[in-house]
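S.K.: What follows is each chain in one-letter form.
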Amino acid sequence: MAEGGRDLRTAFHAALDDLDDRFVAAGLRVAESLPRLSEAFLLGDVSIIEQSEFMAWEVASECEQIEDDGFVLLAREAPVASDLRRLVALLRMTVDVSRSASLLRHACLTLRQFDPRFLDPPLRAQLEELSRVSTEVFVAGLDAWRRRDALAVNEVDRADDAVDELQRLLLGQASNVEDPGTELVVLGLLARYYERIADHGVEVARDATFVATGQRVLVGRTRLPPFTRQDDDEDVDTGNDVDTGDDGTDDDEGDTHDSTDPHGAA
Amino acid sequence: MTDSRDLPLDPQRTPWSAGGGRVRAGYREQLRVLDADLVGLARGVINIGAPIVATDTALASTALADAEAQSDQVQIVATRLEDAAFTLVALESPVAEDLREMIALIRALHDLERTARLMAHVIEHLLTLQACGQHAIGEDDLGCTRVLAVDLFSNAVDAWADRDALAVNDLALRDAEVDRRCDAMLDQGVRCGRAGCAAALALVARFLERIADHGVALGVHLSWAITGDRVLPELAGRR
Numbered sequence: 060m061a062e063g064g065r066d067l068r069t070a071f072h073a074a075l076d077d078l079d080d081r082f083v084a085a086g087l088r089v090a091e092s093l094p095r096l097s098e099a100f101l102l103g104d105v106s107i108i109e110q111s112e113f114m115a116w117e118v119a120s121e122c123e124q125i126e127d128d129g130f131v132l133l134a135r136e137a138p139v140a141s142d143l144r145r146l147v148a149l150l151r152m153t154v155d156v157s158r159s160a161s162l163l164r165h166a167c168l169t170l171r172q173f174d175p176r177f178l179d180p181p182l183r184a185q186l187e188e189l190s191r192v193s194t195e196v197f198v199a200g201l202d203a204w205r206r207r208d209a210l211a212v213n214e215v216d217r218a219d220d221a222v223d224e225l226q227r228l229l230l231g232q233a234s235n236v237e238d239p240g241t242e243l244v245v246l247g248l249l250a251r252y253y254e255r256i257a258d259h260g261v262e263v264a265r266d267a268t269f270v271a272t273g274q275r276v277l278v279g280r281t282r283l284p285p286f287t288r289q290d291d292d293e294d295v296d297t298g299n300d301v302d303t304g305d306d307g308t309d310d311d312e313g314d315t316h317d318s319t320d321p322h323g324a325a
Numbered sequence: 002m003t004d005s006r007d008l009p010l011d012p013q014r015t016p017w018s019a020g021g022g023r024v025r026a027g028y029r030e031q032l033r034v035l036d037a038d039l040v041g042l043a044r045g046v047i048n049i050g051a052p053i054v055a056t057d058t059a060l061a062s063t064a065l066a067d068a069e070a071q072s073d074q075v076q077i078v079a080t081r082l083e084d085a086a087f088t089l090v091a092l093e094s095p096v097a098e099d100l101r102e103m104i105a106l107i108r109a110l111h112d113l114e115r116t117a118r119l120m121a122h123v124i125e126h127l128l129t130l131q132a133c134g135q136h137a138i139g140e141d142d143l144g145c146t147r148v149l150a151v152d153l154f155s156n157a158v159d160a161w162a163d164r165d166a167l168a169v170n171d172l173a174l175r176d177a178e179v180d181r182r183c184d185a186m187l188d189q190g191v192r193c194g195r196a197g198c199a200a201a202l203a204l205v206a207r208f209l210e211r212i213a214d215h216g217v218a219l220g221v222h223l224s225w226a227i228t229g230d231r232v233l234p235e236l237a238g239r240r
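Protein chains in written order, with the numbering used here: chain A, 60 to 325; chain B, 2 to 240.
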């Protein structure tokens, strides 16, 4: 830890940078796969099933390794302040990237059940739009992290609202089909998968803000003032007198934006 | 050379000196409190699922609002526990088993947050099914799977509280059963012929499957914390 001349903790920072680079590489692997696989998916290309499985396995393995190395770094170096925040954020975000890869794989696996080429043109267009916007949100989240852009989360969160709206539209349109069957079930799942991928993008942007400012910003449903939401006064009984706060508006409030997590789901 | 006993330690300020002669007893005590909080939080998550398990009772119209409010609170508490855990890591630099336990706890918090949210989603879609008179469509599978998934998660929390590292095998076997039933529910959704029901049934199946997965994940984290071996969930039940 002392090598590197006069700079303090040079080796630690190098290790942290390396971890960060590996995380971004894993994220970019998903970001690159999203438009490519989504496009091939809409063309009914079943060969992407194998590709997506390999991609998800690679990303999950890398994220697991990053997590392990991150915890070793935590144990050996006992980082504090912004270094600790960065490491904590990296450990959290590996879950987001790994899950996004898994969700994309689940989306591709639905090709075994139906062929998107035979979807009604309006439904197909909706699905295409949903996959496109979800990809944009995920990439924007990753970019926010790479640029340490503390303000990007607001923009990314707004884009995520558009994904939620598109999801609703798609489901609404799908439920009007005359003979619901496999198509409707699969569309429902696909809409959720893409929505969750976008949610993970928002999470990454949120962690970028956490690292830059130390604040946990509210996104999605929880960013609304409590009086516009459901009654928040009811505490969950933790059985151990944990201080659960008062009105859910603390800066460190956890993420509660609408997310569904199909595993497909987390 | 100075003996550590000669150092002017203030017992009020040094957690490692609390707890008598045991090494790091203060850290262990703080970890124990955090763990108890986590178990309490997990019980709160199970409470959210109470309407899901009550298969013979119609869901109240307020069930979703209740579940969402409780789920929001779970997120808040989980975030605070996570902050407390990382603060403890930063202050105490635990290693070996101490570190594994802390990491397992941090990972488990994520599972609790997600499960709370999933429970709310299940209730949301069960209400949809209820509204379109779901009773005729695969109710047996739906009812059984609801109970199986939530029970599995509940048992995983018990295993965590009991420090039962072997429970993961049993949990994984039961998860396979949940997966099988969820696949059956997807098939029923395809066949049911009613648009609103089909989509809701598919999503409920997915969410229940994930609740069970998070239960297995709790077992995996616990097993790792105690033994140091990372059990693959897909292999756990075959041991």
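These are computed hints drawn from the structure, not numbers from a lab.
Please read these numbers as outputs of a predicted model, since none were measured by experiment.
Possibly wrong hints are sitting among the right ones.
What the hints assert, rightly or not - To give an idea of the chain B side of the interface with chain A (calculated C-beta under 8 Å), a few residues:
#	residue
1	SER94
2	VAL96
3	ALA162
4	ALA166
5	LEU167
6	ALA199
Using N, Cα and C, we set each Cβ at its ideal position, and we do this for glycine too.
S.K.: Under the constraints set out in the numbered hints, which ones does this structure not fulfil?
M.R.: 3, 4 and 5
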